[in-house]
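Visitor: Sequence:
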Amino acid sequence: MLTSNSITVSASKPSGLLFQYLCLKKNPMDTVQTLSVDVPVHKIGAIKRDWFKIYTPVVELCKLQIRMNLKTRRVDLRTCSETENSTFLERAHVLVKAVLIGFSVEDAFFVLKEDAYLYSFEVYEVKLLKGDHLSRAIGRIIGRNGVTKRAIETTSKTKIAVVDTKVHILGGSDNIDVAKDAICRLIMGSEPSKIHNRLRTLSAKLKEKYGQFETVYNRFD
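Counting from 444, one number per residue, gives the positions in the sequence shown under the numbering used here.
Warning: the hint list may mix true and false statements.
Claimed, not checked - Ranges between beta-carbon positions, derived for each pair:
#1 Asp519 with Glu568: 29 to 35 Å
#2 Thr515 with Ser636: 47 to 53 Å
#3 Leu571 with Lys496: 34 to 40 Å
#4 Lys637 with Gln476: 44 to 50 Å
#5 Gly574 with His639: 24 to 30 Å
#6 Val484 with Glu533: 34 to 40 Å
#7 Gly632 with Pro483: 31 to 37 Å
#8 Ile544 with His639: 45 to 51 Å
Said to hold, decoys possible - Once the Cα atoms are required to be at most 30 Å apart in a straight line, the calculated DSS-like pairs of lysine-lysine come out as:
#9 Lys623 with Lys609
#10 Lys556 with Lys486
#11 Lys514 with Lys491
The hints are simulated quantities; they were obtained by calculation from the structure and are not laboratory data. Because the structure is a prediction, the values reported are computed rather than measured. Note that the Cβ used here is the ideal one computed from N, Cα and C, for glycine as well.
Kindly generate the complete structure, drawing on both the sequences and the hints.
Guide: Right, here's the structure in full:
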């Protein structure tokens with residue numbers, strides 16, 4: 444049900460997807476924990492469009508309450524009596540942030556895994572670049588038609604988003620290190636062809652530890 448102040452799921456449905464009325468029993472935790480994510484005006488449409496995909500794992504898998512408050516332009520999350528693990532609150536918080544950054548909801552699900560993270564850094568943190576030099580560095584990261592970025596994602600088993608001058612990486616700790624190493628070398632001026640060769644060598648070391656990139660639903664089967 445969409446109201447002027449929030450997006451919720453109607454309480455008349457006897458589904459596990461109920462938002463506001465999912466948790467009515469006394470919370471077994473000492474206190475109810477809450478986190479909120481500010482939603483930029485230009486992202487409200489995207490959140491509305493993907494709302495079903497967002498709240499389904501947050502409510503069904505994380506056992507949290509979630510709402511989109513249109514008045515304050517925030518996504519509010521909180522624990523409740525059904526919440527089995529309070530760490531899911533922070534993971535769901537990161538999931539929403541990842542979607543707002545530009546990751547697909549399916550890719551953002553990955554942060555719900557215990558060993559998954561969202562790592563972000565600015566290009567200037569690696570090397571202070573301006574003007575055309577900055578544009579060329581970002582171009583090297585992405586590659587022609589996105590070829591280099593996809594190659595890094597495939598070999599490191601991560602997902603990458605480049606927004607303006609900021610790089611965001613979703614993945615396991617070791618996988619993020621592999622992707623970051625490649626990206627930093629590109630920022631410093633290495634040719635993509637050299638990075639591709641280096642990635643093939645590094646990715647072989649991770650094959651046994653991490654399988655193919657998958658959504659969090661596989662983890663909860």
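Visitor: With reference to the structure, classify each hint as holding or not holding.
Guide: Consistency of the hints with the structure:
no.: 1; hint: Asp519 with Glu568: 29 to 35 Å; result: holds (31 Å)
no.: 2; hint: Thr515 with Ser636: 47 to 53 Å; result: holds (49 Å)
no.: 3; hint: Leu571 with Lys496: 34 to 40 Å; result: holds (39 Å)
no.: 4; hint: Lys637 with Gln476: 44 to 50 Å; result: holds (46 Å)
no.: 5; hint: Gly574 with His639: 24 to 30 Å; result: holds (27 Å)
no.: 6; hint: Val484 with Glu533: 34 to 40 Å; result: violated (25 Å)
no.: 7; hint: Gly632 with Pro483: 31 to 37 Å; result: holds (33 Å)
no.: 8; hint: Ile544 with His639: 45 to 51 Å; result: violated (26 Å)
no.: 9; hint: Lys623 with Lys609; result: holds (12 Å)
no.: 10; hint: Lys556 with Lys486; result: holds (25 Å)
no.: 11; hint: Lys514 with Lys491; result: holds (14 Å)
Hint compliance for this structure: hints 6, 8 are broken, all remaining hints hold.
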